[in-house]
Amino acid sequence: MGVWAATSTAAGAALQRERWHGTLELLVAAPAHFSLVLLPVTIAMASNGIYSMATTLLWGWLLFGIDVHIQHWLLFCIAVPATVIAIGMLGFLIAVSFVRYRTAWALGNLLEYPVWLICGFLVPLSLFPGWVRTISWVLAPTWGMRSIRESALGGSPLPDILICLALGAGYTVIGVLVVEWFLRAARVRATLSLT
Amino acid sequence: MTSLRIFFIGGLMSFRALFGWLSPWILIPTYVVAPIFQICCSSTSAALQRCNPTSSTSSAMPSSTPRFPASFAMTHTIAGERYQNTLGAVLATPAKRVPLFLGRSLPVIANGFFVSGFAFAAGGAIVGIHVPARSIAPIALVIVVTSFACTGIGLATAGIGLLARDTATLDNIVFGILLVFCGVNVSLSDMPGWMSTIAQGLPLTHGIEAARKLADGAAFSHVGGSVAAEALVGLIYGLAGYTLIGTLERQSRIHATLERA
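These protein sequences, in sequence, are chains A and B.
For the first sequence, the working numbering assigns the number 1 to the initial residue and increments by one for each residue that follows.
For the second sequence, the working numbering assigns the number 196 to the initial residue and increments by one for each residue that follows.
You can take every hint at face value.
Some chain B residues judged to face chain A by a derived CB distance under 10 Å, without partners named:
#1 T225
#2 A229
#3 C236
Chain A is faced by these chain B residues, among others (derived, beta-carbon under 7 Å):
#4 I221
#5 P224
#6 V228
#7 F232
#8 Q233
#9 C235
#10 T239
#11 S240
FYI, nobody ran anything at the bench for these hints, they're computed from the structure.
For glycine and all other residues, C-beta sits at the position ideal for the given N, C-alpha and C.
Start from the sequences, fold in the hints, and give me the full structure.
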């Protein structure tokens, strides 16, 4: 939940913030592809969520005596960064999709609770109707959450990790295409710094 | 007349511009869709924990909804001036400070009330609760008072926002404290004593308590004390915030620290 919370709002506002600070034009004009500039930013945002995860486990243990027994430590240590990277890639797609909106932060904020809800962070997906589960399948956080849970409980998280990363790669490809389209439109209409 | 114009028109313009609602359509995802998902999250969690969502979630979540539109908005409508580089110009005007700053709180309170009212209606429809007809008007009053109290803490955080650079982080910390301490999802009686004690001095706590009792059919006379306590808490935070803003304005003139933080 912390990883997603750290990503959704911040990613929504990422490009708007660059625009406010007057750095968007410089980043776009740089020889490096703009995706290579933005993707590490959103993955870094998602990485902040690792702190939330660590402190939640620590406080749970210190204050409430909750012991978390991890069955497959190695797979757990793979599942967590895989989830973070995939969520960062989803953040990248959100960032480039909302670039035309002045209030993109609000749209990113809007996505926080729905993803918590339909990706199985708070309640099992079996509680929801079938159409909700179908939506959750195309969201990488669903599979990331499952992989972390499976590695902790002793299941087989590898397929979930692979699906999570594959979805993340898909978001990146779509995001790069959106970036290309957005930059071309911005150059033609001279709207890069405008909203 | 000038003060009235600053209070009403200036307050509304500041709210729209600084909190980002110059384009009203953005109200829909933030204030219509997001509260519904908040209620869905809480009610499904409550259902999973075999709590009774009708008594806990449905009245508490809408009552707690003002914490976002009221607290966040109040902070941004003042501290946001610095981010837009307009704080110096605003403070250089001869306008009286009471209408200048408190005028911004009126749209915030109204917004908090309407968002909470919508959340109450939508949450009730989603979870399927029955609220006695005679309780609706008292609950509306409780929501107004709760919105006022959340605006008060927003004014206090706006004051701190003139000292600290990152008001969004500050707001989120306040948001988390209110969510955990004020009995939104977990009843105060289930919390450790020290948490319950702290909650008595926070906005939302008494408003949620009153809304819960009213939704369960209590008469307004039984919750009058809670409503008064909620109003008092909001007043104290509001006065503290206004005093802090005034003090920092004077300090900024002496030490030239207005844009430094």
